[in-house]
Each structure stands twice: as structure tokens, then as C-alpha cells.
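Got chain C; can you put chain S on it based on the hints?
2 protein chains.
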Amino acid sequence: MSAGAVSPAELDARLERVRGRMRDAELTGLVVADPANIYYLSGYNAWSFYTPQILFVPLEGAPVLAMREMDALGAHRTAVRYAEDVLGYPERLVHRPDDHPMAWVAEQLRERGHATPGRVGFEGDAHFFAVRSFLALRDGIPEWDLVESRELVNWVRLVKSDWEIAQMRLAGRVASGAMRAAIDAIEEGRPLNELAAEVMAAQARGVEGADGDYPAIVPMFLYGDGADTPHLTWTAEKFAANSAASIELAGAHRRYHAPLARSVSLGAPSRDLDRLAGATVEGLNAALAELRPGNTPADVTAAWDAVLARYGLEKKSRLGYSIGIGYPPDWGERTVSIRRDDTTELQENMTFHVIAGMWMTGYGFEVSESIRVAPGGADVLTDAPRKLIVKES
Amino acid sequence: MSAGAVSPAELDARLERVRGRMRDAELTGLVVADPANIYYLSGYNAWSFYTPQILFVPLEGAPVLAMREMDALGAHRTAVRYAEDVLGYPERLVHRPDDHPMAWVAEQLRERGHATPGRVGFEGDAHFFAVRSFLALRDGIPEWDLVESRELVNWVRLVKSDWEIAQMRLAGRVASGAMRAAIDAIEEGRPLNELAAEVMAAQARGVEGADGDYPAIVPMFLYGDGADTPHLTWTAEKFAANSAASIELAGAHRRYHAPLARSVSLGAPSRDLDRLAGATVEGLNAALAELRPGNTPADVTAAWDAVLARYGLEKKSRLGYSIGIGYPPDWGERTVSIRRDDTTELQENMTFHVIAGMWMTGYGFEVSESIRVAPGGADVLTDAPRKLIVKES
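Residue numbers (this note's numbering), protein chains in the order written: chain C, 9 to 401; chain S, 9 to 401.
Keep in mind the hints are simulated off the structure, nothing from the lab.
Hints may contain errors.
If chains are identical, the list can't say which one is meant, so a pair holds when it fits in one copy or spans any two.
As the list claims (entries may be wrong) - In silico lysine to any residue, SDA-like type, Cα no more than 25 Å apart, as pairs:
1. K324 to E77
2. K399 to D350
3. K323 to R85
4. K246 to S15
5. K246 to A189
6. K246 to G51
7. K324 to G28
8. K395 to N293
This is chain C alone, in the form it adopts within the complex (with noise of 0.2 Å):
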């Protein structure tokens, strides 16, 4: 079912978009440091962003990867490309208070003639780019003159390719499996770290054809008073007759993440609860529908924001955001908001998770999918009973 390992031929497609966009941006460089940019334009791939790292690309000649050399060494084992001369910063440099790995990085991109005069970029909201990091390359190499790359590589990964989809598809795959998981795992007394327990297994685990990858985030519940706070993880506390909670996780394949969230009431749920959802799932396939090449997201919200003032309801924060590649803390790709200002056009192939959130006061509801863009509206990669899911209590 998998279709392999990604090409050298995308990856150097995929280096020429970013290439174009750099021109654009009248850019003679770019220092890439979120992992998933670095994944999507190397392939390298291992749990060593917590100490500094990047991949610089220069306009023209081959891009640089530069890591602690502990990581260094095995490069070659997940990069498809530039892991022949990767920079190795030595084990000394780690934690310390007066010196920098990047400033050894700055020095040996000088020796290689990267430090000439010109427009660079860095990700001034990566997570693992760190502000010692820019300092230290700022301080290192006076000649770059440094600017905000405004998420260029990240807006390179919008629109996914015939490889990308098949990889969220398997992701999607994992993730319905894993929330089958979940809502067969909840029962009365059964603690909330046991029912995590059972969704990590099966993300990992995943379903025959589709192997699982580690997700980006943990799952969440949110649990009976706390369903109206999202981001909680887990407690022990025991899951009781006649309450509700919401789930949020994500199946993930190479990397690539389809998010899924469902609301489970186990026990009838209460009147407002009901309601709510009715009005939720409505709103939510209004949304799909809309989905398609051409709209743009505020005509997405439009849809949605149609259906629950019928019922008297507002939704502040966003609808969705795109999805694709994802490392720890987050598996959005920081671009396209589904919200009322974005006028982004939508083209086919570009992913969504399409997040039904409502947490009122003590009490909240979420069902959510992850799509492609379709010239039919929104293609689910993710497959869940689409409603307030009741179990006999």
C-alpha cells in the first residue's frame, strides 16, 4: 500500500518551487530550521531538532545540512539528499552558556563561501530555531543581511503531490483506526491514561497496510468539566456514567499527519449537549461541501457560520488550518487559516483539518476531519461516525 520512499526527482522539484519563491523574494539564502521543512526538502528525519540544527539553501549550489555531530554521522540512514557533506558541530558545544553551535556553523559556511553579501531568510516562528541561533548567525556572518522568511517553504508545502496524498491517506487510515480505538476503550471507571494508553498503541501499531508513525501531539481528552478547555492532556481520573468527553488525536504516516476529533457521551448526553451537536455536525458538512477549487476559506466559513446562527451559535476562533508534514508541538503547517479574512484561493490537493470545536461553559462538542481539496468538495481522508457518538453507560 505504502508507495516508497519520496524521489530524489520531488525532492529537487520541491527545492526549485522554494527556489522560485526565494527569487521572489529577492533572497540570495534561506536558513531552514523547523524539521518539517527540513524533512520535506532533505528527507531527513530523526528526533534531534531539540539541539540546534538547519539546512542552509543557498540560490544557487547545494544546500547545507548542519547538526550536532552525533546526528551528523547517521544522516545519510533518513536523507535523501545533501547528507554526503553534512556539518557536524562537535559534542562540546552543546549547553553552553559562552559559546553557540551556530556560531561554529557561521564560521564553516563562511569557509565554504556562503558569507557574501545578500537578502537571507530565517523562520522567525520556527520552533526549533531558537533566538541564540539567530543571534549567533547574525553576530557570525555581518554580510547577510537577515529578514523573516514569512513561512516561504512552509507555503511551498500547500498544495501536496500524487505522493503526499497517498502518504495522508494511509495517515488517515491510521488515525480512523485509532479512534476506533478510543471509543471502544471508553468505559465507567476506566481511567483517562489507560484510554491514551490504547490510542498510543494503535497510532503506533496502526491497521494492516498503513503502519503508524509517532503523531505530533499527544492524544487529548477533554474530559467532563475540562471539555471546555482545549489542550489539556491527560489525568487518572475515571471516566464516569452519564458524561461526556472529546477526543483529539491523529493518525500519522512518514510524518504525515491527518488529525480526527469526535465527541463521545457515554451514557445519554444532556439536552444542551445534544443540541449542540446537531447544530455542529450541520455546520461542519456545510463546510465540506465548500471545500473545493476556487472557494476560499472565508467562503468556507461563510457556509458554516450560515448554519449555526440558525441556531443562535458563533464560533470564534478558526475552523481549520492546513495540514501535511508534522514534528512535535503541532501538526498544522502555520499557513492557510480557515477563517472569515482568508482569501486564499483553494486548489486541488491541498489539505485541511477541519475542526468543529465548540467549548462552551463546562461542556463543549468536536467532530472534525482531515480533506484533500476535490473538485466535489472536501475528499476525507479520515472515516468516523460523523456525530455526538453515544455509548450505553
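Quick look at chain S alone, frame taken from chain C:
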């Protein structure tokens, strides 16, 4: 078994220690962004660190939590301190190229009287303090002289309280249970992602009396030829007879971590691996005996080096690092390293992950323990056979 939540009095004592160091460094304020540091000072704990958030600590007066509005509304569910008046930035500021949440936070801090001239620390190596956050604060509050904090809060975390040691003992029990699950699960033909599934389930489930929290790093399996490369995540490759793997995992409880590594051979090990294992375990034992108050990491490393030298071996990378609270992507504290030139005086209740990882060409061996520095040498928090573990194939 759990000692309950941290007390407000303990949080206040932590704040006082941070302020003592701020006075020593002549800081009038400190911008704390590392989620481990925010948790340490406030108790706030959610998977919200993928969007900008800080705890601003003035030298006097109440610290201020600032985060996305969606998360701010539920901050009181975990924060023991500073949750009464959280600054929640509006949803519209998420992922904008020309506006930034930290610009809004800067305005709010100004309105509250915090934009006064002074030296204000920032965490230059924190993973979740992006360059754009730094630049927005610099531009929004030009009165501040922003200086690198040199891991100020992390250093305060170095010596653990009795409450913290109790959490780490529970984390150690979770780790030991997860390692037993890993060893039990290894068999010929089993894919590595299925081993990961067993480990992750055991990590979340925990053991009797110690429920599992999510570890900051996913389990690692350095398998076959790849056993010479740390930090690779799992694949669906099947465990073969007469092969070996190194397993790196942690147990976590209330965000406190106890990492643990072992190597397992399925079938008789090669002579090279067997010899390497013997030398490494002997070296680790020598190092553990030196982990007592008054010694330094340099003393510990010398004991290790002396054993390895007798076998003609040497380890270039460090032998361990301080541990405690962890969030993805790392469970280390980024302060004391067990290496030749670290002369920090060890004190009782410092806690370390001592990891004797030897990555040779084409094979490797790892054995580690999480320990507390104690008068008689290391008080070991983890429990697994300290040797190369050989299973019948």
C-alpha cells in the same frame, strides 16, 4: 502513592529562588517561555506551547501569564498560581505575517506598568520562544535592555525538593514498567512500530500506584545497522533473529521524567557487542559510585574514562545530564552535563540521567539509569537488569 499536587508554598519558594538569581544578575524582569519553567513556577500544564506564551516575572509584584485566549480561559484548570489574571491574546493574531501575539502582549505589559527601563532576561535557548516573539518584545518595549538569561530558571530547578523526588521515583517506576514491556515484546518477526505500541501503552498506563504522563520523547529503537545512530525513530522493519537493538525510553509522572536505556540481543550477541557491553556496564557502575555530594561531574567522568581506557575505548559525547520536568522535545534540563570539564559541585537531590551510550560502526550498546545524588553514591530511581539483555531467538 502520589504525594498530591505541588503546594502553593513550594511554588512561592521557587519564585523566591528565581528572584534571588535575578538580583544577582541585576535583572529587573524575566521573560520565561520554556514550558518546563512555566510549569515549575506556576503549575500551568497544557499542550499550548506550540503558540507563543510566556510567564513574565517582574522583580516585585505578581508574575503575569500570557497565552492564546482559547487556552487562557482554561488556565485555572492547571495553574496553581497566576491564573486569576491571565492575558489571553485574541484568536485573530494566530499565524499572521504582519502582526504577532507578542506585540499584543507587550502592549498589555505596558498598560500594567511593566514597560519601565531595566535589564530583562529572555531564554535564548528555549524551544518555544521564537525569534519573532523576541523581536516583538524588543520592538514593543524599547525601554527594556533584553539580555540572555543563561538558563536562570533551569539552574534553580537543579536541586529537587522532596516533593519532586517523590514524583521522580514514581516516574522511575513507570520507566521500569515500560522497559519490561519492551523486553517482553521483542520477538523474531515483530515490527519495530509494534514494539513502540507496547512501550507507549505501558508509558501512559503506568504501574500500580503510578499513573503515566506523556514522555517528552517517543521511545527510540536503535536497531540492527542503525544501532550506531542515536535519535532515529521507529520504522516498520521486522526484528530479525540474531540481531540487537538499543531501547531508549522514559517514564513520566506529573511532567517529571526518569529516562532508561537498555540494549537487547535476540539470540547470542556478537563477540564485539558482548565485549562492549561488559566494558560499558563496568564503566557505568564506576560512574554511579562517584555520584555523591562534593564530587563533580568531572570526577564522575574520570571514573568512567579509567574503566573504558582499560578496554581501549573512549566516549566522545557526554555521559549524562540533569533531568526533572520535561516537555517535548527534550527531558534534559540544559544545565549540568556529566563531562570532563564540568566542575559543578554535586549536591544531594540533584538528579541525572547517566547514559552510557557507545555507538560504534554498525553496532552499539546503551545502558542508563536515572539517579538521585546521595551520600553513598547514586540512588537509582529506575530498575532493569544492568547488562546486555539476551533473549532466546
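Going through the hints against the structure:
1. With identical chains, the CA atoms of K324 and E77 are at most 25 Å apart between copies only, with a shortest distance of 10 Å across copies and 46 Å within one.
2. For the homomeric pair K399 and D350, neither the shortest alpha-carbon distance inside one copy (38 Å) nor that between copies (57 Å) is at most 25 Å.
3. Taking the shortest Cα distances, K323 and R85 sit within 25 Å of each other only across copies (22 Å), while inside one copy they are farther apart (45 Å).
4. Taking identical chains as interchangeable, the C-alpha atoms of K246 and S15 lie at most 25 Å apart only when they sit on different chains, with a minimum of 23 Å there against 47 Å within one chain.
5. For the identical chains of this complex, K246 and A189 are neighbours both inside a copy (17 Å) and across copies (24 Å), given an alpha-carbon limit of 25 Å.
6. Proximity of K246 to G51 under the C-alpha cut-off of 25 Å is restricted to the inter-copy arrangement: shortest distance 22 Å between copies versus 42 Å within a copy.
7. In the homo-oligomer, the alpha carbons of K324 and G28 never lie at most 25 Å apart, since the shortest distance is 36 Å inside one protomer and 42 Å across protomers.
8. In this homomeric assembly, K395 and N293 come within 25 Å of each other (Cα to Cα) only inside a single copy, at 11 Å, whereas the closest approach across copies is 57 Å.
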